[in-house]
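Novice: Using the supplied hints, reconstruct the complex from the two chains, each of which is provided in its own coordinate frame.
The chain contents come next:
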Amino acid sequence: MRAKILVLILVLIADVSSALGVVYARHESRRLAIELGTLEARQDEGLAEWSRLQIEQAWLADASQIEKKARRILQMQQPERTKVLVLSP
Amino acid sequence: MLLIFLGCSIALVARAVKLQVMEVDFLLGQGEARYLREVTIPSTRGVISDRNGEPLAVSTPVDSVWVNPGQLLDYPEKIKSLSGLLNANAEEIERKLTQRAAREFVWLQRRLNPDVAEQISALGIPGVYLQKEYRRFYPAGEVTSHVIGFTNIDDIGQEGLELAYDSWLAGKPGLKRVIKDRKGQTVEELGLVKQSHPGQDLSLTIDKRLQYLAYRELKSTVLQHGARSGSVIVMDVNTGEVLAMVNQPSYNPNDPGHDSDGMRNRAVTDVVEPGSVMKPIAITSVLENGLADPATPVETTPGYIVVSGHTIRDHNDYGLLDVTGVLTKSSNVGVTKLALQLEPEQMWDTYRRFGFGEATGTGFPGESAGVLRNHSRWRRLEQATIAYGYGVSATPLQLAQAYAAIANGGNLRQPAFIQGSDNPPISAFDPAIAHTLATMLETVTSDAGTGKAARVPNYRIAGKTGTSRKASASGYAARYVASFAGFGPVSDPRLVCVVVINDPTGDEYYGGLVAAPLFSKVMTGAMRILNIPPDNYPTMLVENSDPERVQR
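Going down the list, the sequences are from chains A and B. 81 is the number that the numbering used here gives to position 81 of the first sequence; each next residue is one higher, with no gaps. 1107 is the number that the numbering used here gives to position 107 of the second sequence; each next residue is one higher, with no gaps.
No wet-lab data here; the hints were simulated from the structure. Any given hint might turn out to be false.
What the hints assert, rightly or not - What the simulated footprint calls covered on chain B by chain A, stretch by stretch (three residues with Cβ under 8 Å from a Cβ of chain A suffice, anywhere in the stretch; the number is not a length): (1) 1008-1018; (2) 1041-1055.
Claimed, not checked - Partial list, computed: chain A residues near chain B (C-beta under 7 Å): (3) Leu12; (4) Asp15; (5) Val16; (6) Ala19; (7) Gly21; (8) Ala33; (9) Ala48; (10) Arg52; (11) Gln54; (12) Ile55; (13) Ala58; (14) Trp59; (15) Gln75; (16) Arg81.
Here the structure is a predicted model, which is why all the values come from computation and not from measurement. By construction, the Cβ of each residue, glycine as well, lies at the ideal position given by its N, Cα and C atoms.
With the rest of the complex left out, here is chain B (with noise of 0.2 Å):
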């Protein structure tokens, strides 16, 4: 027994000996060829996807190829057969190579098929590594692509709520310590330096139904008017929660080139002059200083007036209107008449409660605040011009919130696009004027009203028209901005929507025939998905069906 232990610590005895004095060149070497290496964990990029949890943006694995000059240009007969699967020039490629033989380290392609990163992985050329990558894809195209902009090749937010929500959305990559042979293949992990934190998943309040229906009905508006771009947003009124925000000229963000005009995010980053949109928030400046009711007669023959030696016009003699006609007719001598008797503060300061001369604040890079001139430097006739929409301008974001805060009883939210963003409602004016301007606004689609075309069936809707003449260096020029601003259903406000269609260039220009009829196929094709009931649901039961069908 005691011979065996004894056996058994001489050979460990031995054994130590061995290695330490008699083997000790051929270890060091043999440490010499392993290396202890930091290697980076990569980290995925979080998802975006829609309300209803519908992916937006999703990154997936791809592999990149990278050589090692000096390896590589020991083997030229190996660059043919690589620069041939990598549809690339043999030669230029051992010229990149030969310019760079110094580094150990270049970049041959980024984000390969993935047949092609087997095949090269299949030669086995000694100096060509593959590294995995991960690449981002947005299912939706260009339909999403002004709200969720694109990343770079390294994986950084370029545009949109990739750029706005980089750090949330980006992971840590970790680090740890192993040990790799001269093959550059890991023998042993030491540790763990750094835990590496995958991206967090971003949910949106978009709804990809509603935005693909917004996008298809633009293009094809936009199309239709030969007209240079435009925008469409729909937002939930109650929550302030934008559910679809689209713009033309769009782009394919999963190639995004560098068509920088088709990039910009309209909606949020250009500003307009929104024309008659403009004058129910001065009519609500009007009530609210209780210098009229919507009854109160206004005399516009005829259909001119001057003021401070400029003409104002409407399109026709109206003659006698009330403050609701005002807004029916669109009538700019009415609502100059009206404005006028304010005081330059109270006007000022109901735009700025509806949003006005404010960036939303919604993040989105390159937002735009529009502008709303100080009261203390408006003279008489721009007093006159801001009550219908000229002097002052506005993002088609703002005049959904603005718009939306007349159908929510007078409570301004901030647009949000994240969901469980905090946007609580700020009472910006009295529940009973919204809910007096909501019936005078409704007017608007009736026979007698500017906006008939945006109609929904079985719907109530109230809204405003706007066409107005661009400025131009040389004054305002015959080139219009066609717009509508509404919501619906009146009885019970569930969604606002706002069309700007910049630029016509057929015979219609006009806000009712050109942004109108857009708003309401967006308008009815959302009531649909979002199965909103109609205003009067009992009566049309009864008149929509089919007889036979009660009957039974």
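Excised from the complex, chain A in its bound form (with noise of 0.2 Å):
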């Protein structure tokens, strides 16, 4: 009698703990599906940000218009043949 009691008290444990277990892990599971959403935007953000980014350094550098610039509003020429020197290497 007392064995089935404590067979029944080790049974009872066992149940409740895994019930505890189981709300445990789904909250957990919950928990990190959403980080997991938010890192991705925010990985997804910083590609697109990036990308943008890309861009905007190539319009920003584009050869026409810094040679524009260079030319009309720094005034800046190329150097005269005799105003070259060559450096040996």
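Specialist: In structure tokens form, the structure reads like this:
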């Protein structure tokens, strides 16, 4: 009789702890799924931002724009041939 | 203690009974409201960049708006506010949706401006959804459009390298299984069905700076001479890497439209009869078959020769030349006399080894192989004309490949556009002949030559001019192709450049007057950008320096 009660107690302990475990695991998985979603969204955002910045940088560094600014605004000129000094490597 | 556990387990059992028996209707309803769905995970297309990592094609996410007509048509007043944002006619949208009322998915407008997308999403109209898509941007625009090409609205390559390397650049979208609620929001992710793979990046051999320089100079030359079209190619002699390839007319790859004329990558797809730029190939054949050496005299008086009843003329009577002089003066008579000493098969064989009559195999869509008929079908007149570049046709890229072989000691390399391409050098002809030929071609830019305008200050340049009449239905018309092909610095060749200007309409149409100056401008800039030392820099150092500076 005592042995049976002991077994019953053990089974009950196992039952309750597994129930609590399920609740906890379920909660944890939801939390992690949400976190993953947020992180993925942040990664996407980061990549999108990176691609936009790359394009923006390329627009700003466009050779024709730079040339226009150098020649018209900064009044830069290509040096004459006699003013070029070639340094040996 | 026991009681506590007993209480807990009774509670568990009671909960189970409640869920399974008493609330079954409610839960079934819940289950139906949630859907097990498989959704795609979008993947980005790889970035195309130049040899220095400058981006030339980048994808960035934009929103497209789609609607479920069944849902939206219940709110006609909302269509008005939507059409206002989209700058579209409300009645037209309504008609379009009514026609497609049975469907659940209709694109309304794709690739919206980000601020418009935000406003639409703020309206929160039922049945209107935003979908993230990728849009391709080409920061260098028309300067690189022929090399890179463009993608269509579904992000599939349509032209150029975007088409040739579509499967490499395109990612593989993934698939995941999720539970969605009635509003289409993801409640839970169940797992990955297929991993998404982002597209791979493509690193080109093109140098954006040279590409821009060549494009700018080509555009102004084409404009100045009222030419129909033109191409410039700059290639690295030692590696076969193409550093710049530009064409006119061009187009804006960010908004390609349907102008198919501007879309052709003429440097690769269009063949021309090259005219005199072919003469060095014929001379190579003469030299390697031991029929002459550079100093062998060639009589070109009286300035014409009759072959099979057809008269071949020079511009002037050049008198007694040597083989070098035939190239310097570009004498048709001289090269005809020399070439006719060859067996057709010998000459054909040389041309083949230079890569003529065979596509270079770069994988560019629509690449042409040019035309070089088999020697068994050559008649005597044809052999003569092929020697000075008629009756044979080639793309500008083939010419660049051939001249690079001359510059690179007889080693032919397939032109490469992608870094790390496998294009081993193939020995096409004797290095000694290549060297001799380079020396002979240098005389073309001397005071006596036809290509003086191709000179590059401080650098020794070898090359050949070409002017050919265009073939038309009624024989050869008074329309021309002006060309120049050459390389430098001659003491250690680094760059080869080919210029082809099609149909210049001004008074000037000779290769030496139209194409050679453009060659000079492109090469001058390229030498400076790539920091290529001049042929004789120790002497130049003294010549160019300011005396005061040297003393200091």
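Novice: Hint check: is the beta carbon of Trp59 (chain A) less than 7 Å from a beta carbon of chain B?
Specialist: holds (6 Å)
Novice: Hint validation: Leu12 (chain A) versus chain B, beta carbon distance must be below 7 Å. Holds or violated?
Specialist: Check passed: Cβ of Leu12 (chain A) comes within 4 Å of chain B, closer than 7 Å.
Novice: Under 7 Å, Cβ to Cβ, is where Ile55 (chain A) needs to be relative to chain B, so tell me if that hint holds or is violated.
Specialist: Result: holds, 5 Å to nearest chain B Cβ.
Novice: Examine the stretch 1041-1055 of chain B for residues whose CB is less than 8 Å from any CB of chain A, and state whether their number is three or more.
Specialist: Contact hint for the stretch 1041-1055 of chain B vs chain A: holds, 4 residues under 8 Å.
Novice: Using Cβ atoms only, decide whether Arg52 (chain A) comes closer than 7 Å to chain B, and label the hint accordingly.
Specialist: Check passed: Cβ of Arg52 (chain A) comes within 5 Å of chain B, closer than 7 Å.
Novice: The hint names Ala19 (chain A) as touching chain B; please verify it with the least Cβ-Cβ distance against 7 Å.
Specialist: holds (6 Å)
Novice: Taking the closest Cβ pair, is Val16 (chain A) under 7 Å from chain B?
Specialist: holds (5 Å)
Novice: Could you check if Asp15 (chain A) really has its C-beta closer than 7 Å to a C-beta on chain B?
Specialist: For Asp15 (chain A), the interface hint holds, since the closest Cβ of chain B sits about 5 Å away, which is under 7 Å.
Novice: Tell me if the interface restraint on Gln75 (chain A) is satisfied: Cβ within less than 7 Å of some Cβ in chain B.
Specialist: violated (20 Å)
Novice: For the hint on Ala33 (chain A), just tell me whether its beta-carbon gets within less than 7 Å of chain B.
Specialist: holds (6 Å)
Novice: Would the hint on Ala48 (chain A) be counted as holding, given a Cβ-Cβ threshold of 7 Å to chain B?
Specialist: Cβ of Ala48 (chain A) sits 5 Å from chain B, so the hint holds.
Novice: Under the criterion of a CB-CB separation shorter than 7 Å, is Gly21 (chain A) in contact with chain B as hinted?
Specialist: The hint is violated - Gly21 (chain A) has no Cβ within 7 Å of chain B, the shortest such distance being about 13 Å.
Comparing the model with each earlier hint shows violations of hints 7 and 15; every other hint is respected.
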